[in-house]
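Put chain B on the given structure of chain A with help from the hints.
Those protein sequences? They're chains A and B, same order as listed.
Quick note: the first sequence, position 78, residue 403 per this note's numbering, numbers continuous.
Quick note: the second sequence, position 98, residue 1326 per this note's numbering, numbers continuous.
To be clear, the hints were calculated from the coordinates, so they are not data collected in a lab.
Please note that the accuracy of each hint is not assured.
[Stated by the list, open to error] Now the stretches of chain B that chain A is said to cover, found in silico as 3 or more residues with beta-carbon under 8 Å:
(1) 1268-1282
(2) 1310-1320
(3) 1331-1337
[To be verified] Facing chain A, a subset of chain B residues (Cβ under 10 Å, in silico):
(4) Q1234
(5) Q1237
(6) Q1261
(7) Y1263
(8) Q1292
Remember, predicted model here, so these are calculated numbers, not experimental data.
Beta carbons are placed, not taken as given, at the ideal position from N, Cα and C, and that holds for glycine.
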Amino acid sequence: DTGVSQDPRHKITKRGQNVTFRCDPISEHNRLYWYRQTLGQGPEFLTYFQNEAQLEKSRLLSDRFSAERPKGSFSTLEIQRTEQGDSAMYLCASSLRGAGYNEQFFGPGTRLTVL
Amino acid sequence: GQQVMQIPQYQHVQEGEDFTTYCNSSTTLSNIQWYKQRPGGHPVFLIQLVKSGEVKKQKRLTFQFGEAKKNSSLHITATQTTDVGTYFCAVTARAGGTSYGKLTFGQGTILTVHP
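Chain A with its partners taken away, still in its complex shape:
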């Protein structure tokens, strides 16, 4: 499968614990995005990378969230001291930067449940 993959697919954790998610984008894609989606809502932007550079981070994202893409390939999203409000589907997407064209390919997501 040459699509975007995410691991784990499901994560249940207790409030206050740290969690880390991984995303492997399509291999030739230089852009990687993280979104969060709650039930009945559209995906909400969290952050994105071009190669290894983090170009933008949502102002809604608290300091408990951090993302890395150290070698410009896979990315990790860490949430520290999880809260119940962090429960959501965390989606990763990738794209190939091109002039004005930005089709994004989404992974299957990691569903986080914070108890």
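Chain B only, in chain A's frame:
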């Protein structure tokens, strides 16, 4: 940031009926994309519209971009049960000729099709 309003929130149709969802913005958009998310799935890119008044067709799906580039619609002719899912419009910001990466999604329209 850019925001888009999408209506209706829900649409229930009988198989064979037509379906339309609308996306509206108060500001001029550089482009608009449409995604489909099946129940339990992840968003899948359908199409991107860039030009004023643009109309694109994909089999039974017709996509339009308004003349003022402030609204867009997705129309499905003769719905089938395979059309079930949530349809999202999404926009990107553009500055200085560069298309930014992040997508801002509408709230989505949930389509159910009764056989």
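To see whether the hints hold, each was checked on the structure:
| no. | hint | result |
| --- | --- | --- |
| 1 | 1268-1282 | holds (count 7) |
| 2 | 1310-1320 | holds (count 3) |
| 3 | 1331-1337 | holds (count 6) |
| 4 | Q1234 | holds, 8 Å |
| 5 | Q1237 | holds, 8 Å |
| 6 | Q1261 | holds, 7 Å |
| 7 | Y1263 | holds, 8 Å |
| 8 | Q1292 | violated, 19 Å |
Checked against the numbered hints above, the structure breaks only hint 8 and satisfies the rest.
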